[in-house]
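Be aware that the sequence shown starts at 3, since it is given in this note's numbering, and climbs by one per residue.
FYI, nobody ran anything at the bench for these hints, they're computed from the structure. Heads up, the beta-carbon is just placed ideally off N, CA and C, and yes, glycines get one too. Any given hint could turn out to be false.
To be verified - Label-pair distances were calculated between CB atoms; the ranges are:
hint	residue 1	residue 2	range
1	117	217	33 to 39 Å
2	244	126	35 to 41 Å
3	216	120	32 to 38 Å
4	209	31	17 to 23 Å
5	244	84	20 to 26 Å
6	125	165	31 to 37 Å
7	108	244	28 to 34 Å
8	104	287	51 to 57 Å
9	251	124	45 to 51 Å
10	199	248	33 to 39 Å
11	250	108	41 to 47 Å
12	67	105	44 to 50 Å
13	68	96	39 to 45 Å
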Amino acid sequence: MTASYWKYLATLLLTTGLSIPAFSQPTTSSLLWKIEGKGLEQPSYIFGTVHMLKRADYRLSQEVLQLMAESEAVYMEVDLDNLEALSELAQLLTLPPGTTLLDYMTEEEYTIIKNYLEDSLNVNIREFEILKPFALQQAFTANTAGEDLVSYEMELMSWCYNNSKTIEGIETVAEQMAIFDQIPYEEQIDWVLDFIENPDVNEGLFDSIVYHYRESDLDGLYKDLLDSSPEIMVYEPLFISDRNKRWIPRMEAIMQKGTYFFAVGAGHLPGESGVLELLKASGYTVQPVIQTYIND
Numbered sequence: 003m004t005a006s007y008w009k010y011l012a013t014l015l016l017t018t019g020l021s022i023p024a025f026s027q028p029t030t031s032s033l034l035w036k037i038e039g040k041g042l043e044q045p046s047y048i049f050g051t052v053h054m055l056k057r058a059d060y061r062l063s064q065e066v067l068q069l070m071a072e073s074e075a076v077y078m079e080v081d082l083d084n085l086e087a088l089s090e091l092a093q094l095l096t097l098p099p100g101t102t103l104l105d106y107m108t109e110e111e112y113t114i115i116k117n118y119l120e121d122s123l124n125v126n127i128r129e130f131e132i133l134k135p136f137a138l139q140q141a142f143t144a145n146t147a148g149e150d151l152v153s154y155e156m157e158l159m160s161w162c163y164n165n166s167k168t169i170e171g172i173e174t175v176a177e178q179m180a181i182f183d184q185i186p187y188e189e190q191i192d193w194v195l196d197f198i199e200n201p202d203v204n205e206g207l208f209d210s211i212v213y214h215y216r217e218s219d220l221d222g223l224y225k226d227l228l229d230s231s232p233e234i235m236v237y238e239p240l241f242i243s244d245r246n247k248r249w250i251p252r253m254e255a256i257m258q259k260g261t262y263f264f265a266v267g268a269g270h271l272p273g274e275s276g277v278l279e280l281l282k283a284s285g286y287t288v289q290p291v292i293q294t295y296i297n298d
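Build the full structure now, drawing on both the sequences and the hints.
Below, the structure is given as structure tokens:
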């Protein structure tokens, strides 16, 4: 598999599985926020992304472009513009040496996945059978969304590259992938099978998530994600709360140096354990920034 494939798959790994917030109260409808106070000499900004959508639904505001241009650097969840990180990702996404998916599932389950790959993706299971189950699910998600997909992360990375803007990561690839290693492979396989067996539900859910994102409706987005797989809430601390809490001191250290632009999954923003509330609790002021879209 090529480096470009690993980079693309990496962006997909930041979708619904890592975007389910601990939500408890309404949040102002905004995807872009200004962070100031607590002795900061200059403000920083945080932008909520959705990691995969159809190109026709993609839009980027003048404010996001301007604020990125004015920032010292752009911080994403992880730095995917890094060959070493991509090489590490390839290793972290694969099953233990000498094992394949068949070692963790029944022959019947293997056949269901094999047939789906051949019929829906037109690929041989041999190309995927060494991947951990959650990586398979992300590839399936891309197929459900259809052709001509775009990732906010990839688009922002492209802009940074074209404008000589430094890209950094709040956390490492290893930290993010370690989340899934705490979930039994057998349970991950159940998620994959559920995805295959409910195609209409998944397609409708994808469209609804994109709709609420375009409306800057974080509450609606959360409801969609929660409805998609309630059992995933068992792992909410792994996916969201623990990561958000780990991010805050790192963001604080970064913001002390100047103006920075953070771009993370929109699901990390709202709720008592969301980044916005955690920043407030740490003494910062966060204010929504009105966006003017240039390609809506």
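**Request:** Check each numbered hint against the structure and report the violated ones by number, ascending.
**Result:** none
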